[in-house]
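Chains as they are written, first to last, in this note's numbering: chain P, 1 to 360; chain V, 1001 to 1360.
Keep in mind that the hints were calculated from the coordinates and are not lab data.
Careful: at least some of the hints might be erroneous.
Just some of the chain P residues that point at chain V, by a computed CB distance under 8 angstroms [stated by the list, open to error]:
1. I5
2. T14
3. E18
4. A23
5. N31
6. I35
7. G36
8. H42
9. S78
10. T94
11. Q195
12. A201
13. P221
14. M223
15. K227
Computed far set for chain P versus chain V, every beta-carbon distance over 10 angstroms [to be verified]:
16. E53
17. K313
18. D321
Everything numeric in this text was worked out from a predicted model, so none of it was measured.
The beta carbon of each residue, even a glycine, is placed where N, CA and C say it ideally should be.
Protein chains: 2
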Amino acid sequence: MPDRIYNFSPGPATLPQEVLAQAALDIVNFNNKGIGLIELSHRSKEFMAVTDEAESLVRELLSVPDNFKVLFLQGGASTQFAMVPMNLLARDQTASYLNTGTWSNKAIKEAKLFGNVQVAYSSEKSVFNHVPSSGDYQVDPAAEYLYFVSNNTIYGTQFHDFPKSDKLLVCDMSSDILSRKIDFTNFGLIFAGAQKNMGPAGCTVVIIRDDLLDRVPATVPTMFKYKTHADKGSMFNTPPCFAIYVIGLVLKWLKGLGGLEVMAKMNREKAAILYEAIDSTDFYRGHAEVSSRSLMNVTFNLPTPELEAQFIKEGAALGLDGLKGHRSVGGVRASIYNAFPREGVEKLVVFMKEFARKNG
Amino acid sequence: MPDRIYNFSPGPATLPQEVLAQAALDIVNFNNKGIGLIELSHRSKEFMAVTDEAESLVRELLSVPDNFKVLFLQGGASTQFAMVPMNLLARDQTASYLNTGTWSNKAIKEAKLFGNVQVAYSSEKSVFNHVPSSGDYQVDPAAEYLYFVSNNTIYGTQFHDFPKSDKLLVCDMSSDILSRKIDFTNFGLIFAGAQKNMGPAGCTVVIIRDDLLDRVPATVPTMFKYKTHADKGSMFNTPPCFAIYVIGLVLKWLKGLGGLEVMAKMNREKAAILYEAIDSTDFYRGHAEVSSRSLMNVTFNLPTPELEAQFIKEGAALGLDGLKGHRSVGGVRASIYNAFPREGVEKLVVFMKEFARKNG
């Protein structure tokens, strides 16, 4: 086993080595204050500075408009599936959802507990191998918002153009936030679990337009109102301090690389190397339609499940870890988020060619 | 400033140094696997083993009966204030609450969103300076459960005997879980945010009797049903991996010390040293009534707010940090949870005597 493996896991996922090294120091003694990072009171000036910096880096890197709040919450994206309709959808109202995979499906299920749901599009019949273009569906004119998942981790598809609609857009960006620039026009709410592109598990970043905060009914419990957290700068109760701290480190690393334009270019290049290897032989078959291919999760199959199992096993032995595809599609999935190094992709491609030659 | 300060913060709070040292190693390279702890997939066998060990240590140390589930959730105790009634209280039913401070007050507010609430006792008029004995209140005979907070962080009070009632007991043990043994008879649900006595912020441990899991109405969102998490061993969605890992380390440390009986003895001794210092002079006045005094949070006042401010400032300069009382009671609060070292208490007492001599 090499000193450090290449971790292709879909999340929790690989993080920059310099982030881990810094966290190791701060956990024992934060900024030489004689106290560990995770022992700091969340209301101490030291920790407030950590949170403030993380928030301002989110704002800077994503160019978040001033009329949006940035929140650091708990409960994962799965909690957002309920919080979105709890806050934005009244019993007699309708919301429109694009069903492009497991995560949108789960969000639809939760939304139905609160109001009417129009599923404007579903790619379920083709095993979610693509995302729709804006002309492919009709959004209910009465819809309060149009919900979509920007990148579908399990199926390896991604919206390269966001839906064109006059509706308020609500987006689960868990698996591609900070991988490219976003135009916030039409967006009302974006959320993302941290554990793919931003940091460790345990924190969900929510970016919400401030005029939406007051829509929430009084009957919603305090902790499930976005307004509760917005009013207190994510400090209504003890936040997930460690995760916020690591997010801050990852954002600093990303800024140091040159920000989102540089990152997006690196992501395009990494993914191109891998898709080229897939397309250069009949041995590998990409799951996603070409125009919907994700730059974050590259999914492909081999001629047989037996060969897939062998591929995953031999790859792991070479330090290419976490390549097993999700059970819904089988095969191989290489998750190559922001922090995944290009060298790991190159090593995988060398292995793919060798494996195809031997077993093709 | 000394190498390591004495951290009297009420939470996030001080942790054992050996826990921090181990975490620093594992964050960079977990068990020499060539992958950092927070990069591990939550479904990897390595991380599943971390969770399994943390759960079995909770069970072993607290002697949790087999018919209880142990869950690792997110959202803090504040989320439990809503989840408890969402899962256990129907619209036409009644729950009984003992109001012994800020946290029970907040729990009462959330419960009222879901059903009828009887506040069977409140110590609010005496600034929550005590907790009731079982004879002090009458529980509504129709109550589904009796809710109480075992230790009141802000006011420095603690139930030394749990309520005697034939009702199902529901308890917020955020600030004294694992400080002593618990008799689970009559308990239906216990929850505790980790960041005081168990680990870092970001995880809430819930211990729930398994026959209660099916009470939840179908209209409750998936993530807010205890059953969702119980059925999937806290892995329905990505759990707060890092916090669970640190909880496991803290529990191993606690087991190594000799478990809860040894810990309870150490806690009694530490608190006795401090209360003796308070009682030995008129300069310091304890906030809590003697019979309700907390072994976890020791609250006291000085003759004037000016002297209190000076005390906190001079203490901090000596490395006695986080002594400022909560704004609701002012004065001084020394939080001395499990991991707080006895030497720190002794150093505080030396400082208290010196400060009283100079300013008395």
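Going through the hints against the structure:
Hint on I5 of chain P holds. Least Cβ distance to chain V is approximately 4 angstroms, under the 8 angstroms limit. With a cut of 8 angstroms, the hint placing T14 of chain P at the interface with chain V holds, because the nearest CB-to-CB distance is about 5 angstroms. Interface restraint check: E18 of chain P against chain V, minimum CB-CB distance 11 angstroms, threshold 8 angstroms, status violated. Taken as an interface hint, A23 of chain P checks out: its beta carbon lies about 5 angstroms from the nearest beta carbon of chain V, inside 8 angstroms.
With its C-beta approaching chain V no nearer than about 11 angstroms, N31 of chain P sits outside the 8 angstroms limit, and its interface hint is violated. Checking I35 of chain P against chain V: minimum C-beta separation of about 5 angstroms stays under 8 angstroms; hint holds. Given the 8 angstroms rule on beta carbons, the hint for G36 of chain P holds: about 5 angstroms separates it from the nearest Cβ of chain V. Annotation: H42 of chain P was flagged as interfacial toward chain V, and the flag holds, the nearest CB pair being 6 angstroms apart, inside 8 angstroms.
Of the supplied interface hints, the one on S78 of chain P holds, with its beta-carbon coming within about 4 angstroms of a beta-carbon of chain V, less than 8 angstroms. Using the Cβ-Cβ criterion of 8 angstroms, the hint placing T94 of chain P at the interface with chain V is not satisfied: the shortest such distance is roughly 19 angstroms. Interface hint status for Q195 of chain P: upheld, as the beta-carbon distance to the closest one in chain V is roughly 6 angstroms, under 8 angstroms. This hint holds: A201 of chain P has a C-beta 5 angstroms from the nearest C-beta of chain V, less than the 8 angstroms allowed.
Taking 8 angstroms as the C-beta cut-off, the interface hint given for P221 of chain P holds, the closest approach to chain V being about 4 angstroms. A cut of 8 angstroms between beta carbons decides the hint on M223 of chain P: the least distance to chain V is about 5 angstroms, and the hint holds. The beta carbon of K227 of chain P is not positioned within 8 angstroms of any beta carbon in chain V (closest approach about 15 angstroms), and the interface hint is therefore violated. With a least beta-carbon separation of about 18 angstroms from chain V, E53 of chain P lies farther than 10 angstroms from that chain, consistent with its non-interface assignment.
For K313 of chain P, the non-interface assignment is confirmed: its Cβ lies about 14 angstroms from the closest Cβ of chain V, beyond the 10 angstroms cut-off. Under the 10 angstroms C-beta cut-off, the non-interface status given to D321 of chain P relative to chain V is violated; the minimum distance is some 7 angstroms.
Figure legend: structure checked against the earlier numbered hints; hints not met, in rising order: 3, 5, 10, 15 and 18.
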